[in-house]
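Here is what each chain is made of, one letter per residue.
Number of protein chains: 2
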Amino acid sequence: MNLKTVIHIIGILLFFEAVSMFAPLAFAFYYQDGDAWAIAASILITMLTGLIFYASTKTKPELRVREGFAIVVFGWATMAAFGALPFVLYGAVPSYTDAFFETMSGFTTTGASILTNIEVLPHGLLFWRSETHWLGGMGIIVLSLAILPFLGVGGMQLFKAEVPGPSPDKLKPRIKETAKILWGVYLVVTFAETLLLMFGGMSLFDALCHTFGTVATGGFSTKNASIAHFDSFYIEGIIILFMLIAGTNFSLHYRALKGEWKSYHKDREFRFYFLFILTCLLITAPIIYFSVNYSVVDSIRSAAFQVVSIVTTTGYATDDFEIWSSSGQFVMLILMFIGGCAGSTGGSIKIIRIMLLLKHGVTEIKKLLHPNAYIPVRLGGRVISPDVITNILAFFILYMLIFVGGSFCMALMGLDLITAIASVAATLGNIGPGLADVGPTDNYAAIPLAGKWLLSLFMLLGRLEIYTVIILFVPEFWKK
Amino acid sequence: MNLKTVIHIIGILLFFEAVSMFAPLAFAFYYQDGDAWAIAASILITMLTGLIFYASTKTKPELRVREGFAIVVFGWATMAAFGALPFVLYGAVPSYTDAFFETMSGFTTTGASILTNIEVLPHGLLFWRSETHWLGGMGIIVLSLAILPFLGVGGMQLFKAEVPGPSPDKLKPRIKETAKILWGVYLVVTFAETLLLMFGGMSLFDALCHTFGTVATGGFSTKNASIAHFDSFYIEGIIILFMLIAGTNFSLHYRALKGEWKSYHKDREFRFYFLFILTCLLITAPIIYFSVNYSVVDSIRSAAFQVVSIVTTTGYATDDFEIWSSSGQFVMLILMFIGGCAGSTGGSIKIIRIMLLLKHGVTEIKKLLHPNAYIPVRLGGRVISPDVITNILAFFILYMLIFVGGSFCMALMGLDLITAIASVAATLGNIGPGLADVGPTDNYAAIPLAGKWLLSLFMLLGRLEIYTVIILFVPEFWKK
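Chains as they are written, first to last, in our numbering: chain A, 1 to 480; chain B, 1 to 480.
One chain only, chain A, in its complex shape (with noise of 0.2 Å):
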C-alpha cells in the first residue's frame, strides 16, 4: 500500500471540493443570508489542507488495485468530513456529529436527514447541501462504471466490456476517458431537469437544488415538505421521469444520445427495472386505493411517485406511507432492497444483481432435475460465468450480514424493531426516508450520537458496494 499516493490523490479532491463551494458562494452572496463567511472559511481550510496533503506527498501516482480501492473510500470520507465545515461553521448544525451524518448522506447520494426545520437554512447552505448529491453522483458513475468493474467488486466486472471509452488496458487513461464521457451526459440531464423544473415554475435556485437531488438519486429538498411542498402534477411527473433517469445505467443514455436508442429496449437489466416498477406500482396502487380515502386518480400518482423514488433510492416523498396499510409499508421496506441499475447513481443492492440472483435460484431448481446436465445462468444470450454468480452470492450475504448486525445495534442503542431495521435498510441502501421514527415525515435527528456515526458508515458502505470498504479491514491488505 503506497499511502503517499492515497494522500496526494486526496489532495486534489479537497482542492475540487473547495472549488465546488464557490457556487453556494455566490447564492450566499446573493440571497445575503449571512452566511457567506461560513463558506469562504471552509473554502480556505479545505483548500489549504488538500494543498498541503498534495504538496507534501510528491509522487508519481501509480494506480493500483490497492491503491484504488483506499483512494475511494477515504477520498468519500475525507469529503465528508471537510464538506460538515459550512453547516458546523454558520452553527445551523452545531453538533460536528449531526453535520457529517448530513454531508455524507449528501455525498452518499442517500438523502437522510437530522434537519427538523430545513426552510429555516440560509440558501447558501441549502444549496451545498444538494450539490454534495451531486457531486457524490459524479464519483459514483465513474466509481460504477469504470473503477468497480477493474477491481471485480460485486459482479460488476460484467460492465468491464459495456462502458464507453478506450479499450481497457490501463486503469488511469480508461477513467479518465470514461468519466469525461459520463460527466458529459450527467451534465445534460441535469441541465434538462433544470430548464424543465424552472418551467414548471421553481426559482432557479430550487429547480438546481432538486435537480441535484434527482439526477444523483439522492433526496435533500430544500423543503420540509419534501416534493409535497410543489402540490403540483407536472413536477412530479418531471422528477418520476428523472428519477427513473437517474436510476438507469448511464452508458445506455450516452449510446441513446448517440442516436442508438433501441440500446434501452436491448439491455435486459434496463427491462427488468422497468417491468419491475411497473409491477409494483400495480401492487401499490391498488393498497393505496383500499387503505386510504383517495380517489383512484390519487392512489396512482401517489404510488408512481414512492415507488420510483424508492426503487431508485432517491427518498424525495410527496405522500407518507405510513399511513398506507401494513402490506403496503412492507412493500415500500422490501423495495429498500433494490436499488437502480448497475452504472446509475441508485443506490442498494441493484437490478441486475437481483436479476442474477432470482436466475441462479431457477437455475438450481432445474438441476434438481437433471443433475448431471450443465445449465449456466444466461443474460440475453450471454452466459454468466460462475465466478460473477457467486461473486454476486457473497455480496448478497454481506448486504444481509451488515443489515442484520445494523438493525441489533441500533436496538440495542434503544430504538424500536421497525425504526431500528428500517433505519438501516434506508441508509444501507443510500435511500433516505425509512419507517416508524425515521419515516418519510420524520428526520434522524432523534437517533443517537453512536447511531449517527454507525448509520454514516452504512451509507458509505453502502455507497461504496460494500467490498470496497470491507477489503480495507483485511490485515493482508496492508502488507507491503
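FYI, nobody ran anything at the bench for these hints, they're computed from the structure. Be aware that a few hints might be false.
For chains that are exact copies, the list does not tell them apart, and a pair is met inside one copy or across any two.
Stated by the list, open to error - Here are the computed lysine-lysine pairs in the DSSO-like style, where the Cα-Cα straight-line distance is at most 27 Å:
#  : residue 1 : residue 2
1  : K58       : K223
2  : K266      : K58
3  : K367      : K58
4  : K4        : K479
5  : K180      : K367
6  : K479      : K367
7  : K367      : K4
8  : K479      : K366
9  : K58       : K4
10 : K359      : K266
11 : K180      : K223
12 : K58       : K479
13 : K366      : K223
14 : K366      : K4
15 : K479      : K359
16 : K262      : K180
17 : K258      : K180
18 : K176      : K258
19 : K479      : K262
20 : K180      : K479
Given chain A, work out where chain B should sit, using these hints.
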C-alpha cells in the same frame, strides 16, 4: 412420474399413522375423558383409506428421484390431513382449517398452535398432538440423512458419505438401513428424556408429551404456560440438554453410542453450533438483565432456555421475550433464521448452510486481493465443491424470497408488520412462536383463514427444505 407408486406408498404411510393412533387411544381409555370414540373413528377412516390407496395401486414400487420428491411432499400433507381427524371429530377444534394447521404444525415439528386453552383438551387428543411431533421428527431424520443427500437438495449432498448404513448404491436398501439405525438412536434419546423428566416429578403422560416436543424440536406443550408451568430448574435443564441433543446431527449420536465420543468435537458443524449458542447466550443474558428486572441468575436462566429453544427451532418457552428490550427481540427474530444442524430434527436454514454462507463471503473478499488465485471454500481440511456452495446459496435466496413474499401476503391480510414478518419466520423455520400477535404468550387463533393455510404451506416448505416442494411446481417435473 409414476403416480401409482406414490399413492401406494402413501397408503402404507397412512396405515402406519392409523396404527400410531392406538397410543393416544390407550391414554383416552385410561383417562376416560370421552375422546376415545373420536380417536377410534379416526383410526378406522385413516386405516381404510390407507388400505384402499395400497390395494388399488398394485405395483412394484421403484423409487426414482421424482417419485421420491412426490412421496415426501404428498406423504407429509396427507399425514397432516388425516391426523387432523381426531380434533375435528371430537369437536375440540371445530374448524377443519384450524385442525389441519395444528396437525401440520405437529408433523412439521413446528409447534405453532391455534389453541387458546390447551389444558381443556382430553388426554387422548393432547397425546396425539404431541405424538405428531415425534412421528414428524422420525420422518425428518431419515429424510435429511438418507433421502435428501441423494436428491441433491440444498447442499445436503455434503452428507452423502457421512451417514451410517451400507454403501450408497441403491436408494431403497440404504433408506431402510439408515432409518433403522437412526430410529434406534431416536428411541434411546426419547427413552432417556422421558425417564429424566419423570424423575423430576412429571407424570408419564406429561413426560412423554414433553419429550416428544423436545426430541422432535416441536414445542407443543400440554400446559398453557409451556415449560414455565413447571417452574423447575431441573426440568428446564433437562429440556435444554435434550433440545441441544435434538438440534445435533443424529449420526453423531449414533457414533457416540458406539463409543466414538470424540465425533462431536471433530465435527465442524457441531462446534460452530455449540459456540454459536454460547455466543448468543452471552449477548442475550445481559440484554435481559438490563431491560427486565431479573437477577443475574434468572437472566442467564431465561436467556439459556429461550436461545436454545429458538436456535434448535423447538419453540418451548419459559419467558415472554416480548417484555425484553427491542434488541433482545431482534436477536430472537434473527435466531429464527439459523436452525439446528443438518441431520437433526431442527428446522430453518441450518447451521451447516449458515457456516458455508459465511465462509463463502470471506473467500470472496480474499479473492479481491488475489484476483487470479484459486481459493476454495474449506470445511475442516475438506474442499467444498463450488456446486455445493452455489446450491446452498440458491437455497438461501429461495428461503428469503418465500419469507419476503409470505410476509407480504400476511400483511395483505391485515396483520401488522411485525406479526406478518414473525409469523412467516416462525412457520417457515418450524419454530412455532413468533413476535407481536403470534408471540410466545399468544397463538395463531386470530390469523385469518387463508393465512392459516398459507402458514401451513410454509411449515411444509421449511420442513422439506423448500426445493422438495417447489420442484412439484415445475411443469417439467410431471412430464413422462
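Structure-based check of all given hints:
1. For the identical chains of this complex, K58 and K223 are neighbours neither inside a copy (45 Å) nor across copies (77 Å), given an alpha-carbon limit of 27 Å.
2. Proximity of K266 and K58 under a CA criterion of 27 Å is satisfied in neither setting, with 47 Å inside one chain copy and 55 Å between copies.
3. In this assembly of identical chains, K367 and K58 lie within 27 Å of each other by CA distance neither inside one copy nor across copies; the values are 57 Å within and 32 Å between.
4. In the homo-oligomer, the alpha carbons of K4 and K479 lie at most 27 Å apart inside one protomer (15 Å), although the nearest pairing across protomers, at 65 Å, exceeds that limit.
5. In the homo-oligomer, the alpha carbons of K180 and K367 never lie at most 27 Å apart, since the shortest distance is 45 Å inside one protomer and 31 Å across protomers.
6. Taking the shortest Cα distances, K479 and K367 sit within 27 Å of each other only across copies (16 Å), while inside one copy they are farther apart (42 Å).
7. Taking CA atoms no more than 27 Å apart as the test, K367 paired with K4 passes between copies only; the shortest distance there is 25 Å, against 51 Å inside one copy.
8. Taking the shortest Cα distances, K479 and K366 sit within 27 Å of each other only across copies (14 Å), while inside one copy they are farther apart (44 Å).
9. For the identical chains of this complex, K58 and K4 are intra-copy neighbours only, at 8 Å inside a copy versus 81 Å across copies, given an alpha-carbon limit of 27 Å.
10. For the identical chains of this complex, K359 and K266 are intra-copy neighbours only, at 18 Å inside a copy versus 37 Å across copies, given an alpha-carbon limit of 27 Å.
11. Proximity of K180 to K223 under the C-alpha cut-off of 27 Å is found in neither arrangement, the shortest distances being 33 Å within a copy and 72 Å between copies.
12. In this homomeric assembly, K58 and K479 come within 27 Å of each other (Cα to Cα) only inside a single copy, at 22 Å, whereas the closest approach across copies is 71 Å.
13. Within a single copy, K366 and K223 get their C-alpha atoms no closer than 52 Å, and across copies no closer than 45 Å, so neither meets the 27 Å cut-off.
14. Taking the closest pair of Cα atoms, K366 and K4 come within 27 Å of each other only across two copies (24 Å); inside a single copy the shortest separation is 52 Å, beyond that limit.
15. Only between protomers do K479 and K359 lie at most 27 Å apart by alpha-carbon distance; the minimum there is 22 Å, versus 38 Å within a single protomer.
16. Taking CA atoms no more than 27 Å apart as the test, K262 paired with K180 passes inside one copy only; the shortest distance there is 23 Å, against 64 Å between copies.
17. Taking identical chains as interchangeable, the C-alpha atoms of K258 and K180 lie at most 27 Å apart only when both belong to the same chain, with a minimum of 15 Å there against 71 Å between chains.
18. Taking the closest pair of Cα atoms, K176 and K258 come within 27 Å of each other only inside a single copy of the chain (20 Å); across copies the shortest separation is 68 Å, beyond that limit.
19. For the identical chains of this complex, K479 and K262 are neighbours neither inside a copy (48 Å) nor across copies (39 Å), given an alpha-carbon limit of 27 Å.
20. For the homomeric pair K180 and K479, neither the shortest alpha-carbon distance inside one copy (34 Å) nor that between copies (55 Å) is at most 27 Å.
Comparing the model with each earlier hint shows violations of hints 1, 2, 3, 5, 11, 13, 19 and 20; every other hint is respected.
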